[in-house]
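Numbering (full-length UniProt numbering), first residue to last: 1 to 62.
The set of hints was computed from the structure by calculation and includes no laboratory data. Using N, Cα and C, we set each Cβ at its ideal position, and we do this for glycine too. Treat the hints with care, since some could be wrong.
Unchecked claim - Cross-link-like lysine-lysine pairs, in silico, BS3-like; alpha carbons within 27 Å at most:
| no. | residue 1 | residue 2 |
| --- | --- | --- |
| 1 | K18 | K31 |
| 2 | K28 | K18 |
| 3 | K18 | K5 |
| 4 | K31 | K5 |
| 5 | K28 | K5 |
To be verified - Distance windows between CB atoms, simulated:
| no. | residue 1 | residue 2 | range |
| --- | --- | --- | --- |
| 6 | K5 | M29 | 11 to 21 Å |
| 7 | T9 | E46 | 25 to 35 Å |
| 8 | S6 | E46 | 25 to 35 Å |
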Amino acid sequence: MLTLKSIDTVLLSVGAEKLSQREWDWMKMLKPMDPPPAMVAASILERRGDTAALTRLQDTGG
């Protein structure tokens with residue numbers, strides 16, 4: 001289930017910052033599709049340009 005906490009957990013586990021309110025508002029539009037939190041976190045990291053955290057996420061299998 002797509003929740004703010006589930007996405008923040010993935011982001012924090014790879015050393016990235018939590019979602020901003022603006023990012024969360026944008027992510028809420030995806031709720032009907034119910035993507036996995038790791039997929040959402042990856043798209044946020046790509047959008048932020050945080051390649052280091054994105055690499056760590058991909059290395060953990062996310």
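- Pairwise hint evaluation, K5 against K18, where the allowed Cα distance is 27 Å at most: Holds, at roughly 9 Å.
- Has the given pair, K28 with K18, been kept, meaning a C-alpha gap of at most 27 Å? holds (15 Å)
- Query: Is it true that K5 and M29 lie within 11 to 21 Å of each other by Cβ?
  - Reply: Taking Cβ atoms as reference, K5 and M29 lie about 18 Å apart, which means the hint holds.
- Query: Holds or violated: 25 to 35 Å for the Cβ distance of T9 and E46?
  - Reply: 18 Å Cβ-Cβ, so the 25 to 35 Å window is violated.
- For the pair we were handed, K31 and K5, check the Cα-Cα distance against 27 Å. Given pair K31, K5 holds - Cα atoms ~14 Å apart, limit 27 Å.
- Message: Tell me if the straight-line CA distance from K18 to K31 falls inside 27 Å.
- Response: holds (18 Å)
- Starting from the hint 25 to 35 Å, judge whether the C-beta atoms of S6 and E46 obey it. Violated, since S6 and E46 (Cβ atoms, about 18 Å apart) do not stay within the stated range.
- Holds or violated: are the alpha carbons of K28 and K5 at most 27 Å from each other? Holds, at roughly 13 Å.
In summary, the numbered hints that this structure violates are 7, 8.
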